[in-house]
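*Asks:* Taking the hints into account, I'd like the entire structure generated from these sequences.
Okay, here's what each chain looks like letter by letter:
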Amino acid sequence: MTDLLAQNDVFLINIALLAMVAIVALGTVLTRNLLASAMLLGVFGLLMATVWTNMFALDVSLTEAAIGAGISTLLILGTLSVTGIEERRSPPGRLPAAIIVAVTGTLLIYGTLDMPHFGDRNAPVQSHLSPQYLSQQVGKASAAASEHPSGNDFGGEVPNAVTAILADYRGYDTLFETTVVFAAGISVLLLLRREKPGGVSR
Amino acid sequence: MSPEQLAVVLVLAGAVLVLARALRGPSVYDRVLAVNAIGTKAVLLLVLLGFLQGRSGFLDIAILYALINYVATIGLLKLVTRRRLR
Numbered sequence: 001m002t003d004l005l006a007q008n009d010v011f012l013i014n015i016a017l018l019a020m021v022a023i024v025a026l027g028t029v030l031t032r033n034l035l036a037s038a039m040l041l042g043v044f045g046l047l048m049a050t051v052w053t054n055m056f057a058l059d060v061s062l063t064e065a066a067i068g069a070g071i072s073t074l075l076i077l078g079t080l081s082v083t084g085i086e087e088r089r090s091p092p093g094r095l096p097a098a099i100i101v102a103v104t105g106t107l108l109i110y111g112t113l114d115m116p117h118f119g120d121r122n123a124p125v126q127s128h129l130s131p132q133y134l135s136q137q138v139g140k141a142s143a144a145a146s147e148h149p150s151g152n153d154f155g156g157e158v159p160n161a162v163t164a165i166l167a168d169y170r171g172y173d174t175l176f177e178t179t180v181v182f183a184a185g186i187s188v189l190l191l192l193r194r195e196k197p198g199g200v201s202r
Numbered sequence: 001m002s003p004e005q006l007a008v009v010l011v012l013a014g015a016v017l018v019l020a021r022a023l024r025g026p027s028v029y030d031r032v033l034a035v036n037a038i039g040t041k042a043v044l045l046l047v048l049l050g051f052l053q054g055r056s057g058f059l060d061i062a063i064l065y066a067l068i069n070y071v072a073t074i075g076l077l078k079l080v081t082r083r084r085l086r
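Note that the protein sequences, when read in sequence, are chains A and B.
Under the numbering used here, the first residue of the first sequence is numbered 1, with each subsequent residue one higher.
Under the numbering used here, the first residue of the second sequence is numbered 1, with each subsequent residue one higher.
Treat the hints with care, as some may be off.
[Stated by the list, open to error] Sample of chain A residues facing chain B (criterion: CB under 10 angstroms; computed from the structure): (1) 46; (2) 62; (3) 73.
[As the list claims (entries may be wrong)] These stretches of chain B come out as covered by chain A in the derived footprint (C-beta under 8 angstroms, 3 or more residues): (4) 8-17; (5) 20-33; (6) 40-49; (7) 62-75.
Hints were generated in silico from the structure; no laboratory data involved.
Heads up, the beta-carbon is just placed ideally off N, CA and C, and yes, glycines get one too.
*Replies:* Structure below.
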């Protein structure tokens, strides 16, 4: 890996991007024009996706770009074309809600103080789980693996440690996630299907 | 400041300028154009970071961003003109 960019620089870029994300979020909430709000939400998704890529969470960033910046903006705009694009003024006097939000936010931030730093090599996940996964035969040639069968890596057939963990350790997890998505898709189709004028649904 | 760092800083500064237009922009078309330009800046930033860190995987992500950006802009404009959102 040729490092023309120090780790510190990547950190600074992330800070700049996250500051822009915060500004966009404020603008989204404060603007009265809902059309502008929807577009700013798309910008929010795009910037967050860039931050995810910067943190090497490539799968998350792909999902965020497709859903956050792409589909959801269009869905919100489709909704706005039915409901109108001006926000009604809400009555003032939301102090209790503001207090609850502030207290919850403070508690959540306080909770993150105990977490290990990003990329900390002494974090429990680095010192206990990852070495155990990586020490298995995952990613080695199948001939070498068949001499030491471990039962958790498809006999060394999977060339990538992450794939082996996703497909084996989290196989049922992924299976039922796809089931949930499938069920949700069928429900949406049932809800949105068009009825024929005669009353008989397709 | 090395040239590489300067390039990243310039792209980020351009993104901030376009962001100001997206926040202020009086008409819908100002905002659409600003959103599209921010998408282009994100693609540029990803390509730049991928090149500087020697990670070619960033290129695939950048291509996908460009495609999503294109499709989202077309869809946005279709909705705005056809449903008379303005």
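*Asks:* Next step is simple, just say for each hint if it's right about the structure.
*Replies:* For each hint, the structure was consulted:
no.	hint	verdict
1	46	holds, 5 angstroms
2	62	holds, 6 angstroms
3	73	holds, 6 angstroms
4	8-17	holds (count 4)
5	20-33	holds (count 6)
6	40-49	holds (count 4)
7	62-75	holds (count 7)
Going down the numbered hints, you'll see the structure goes against none, and every one checks out.
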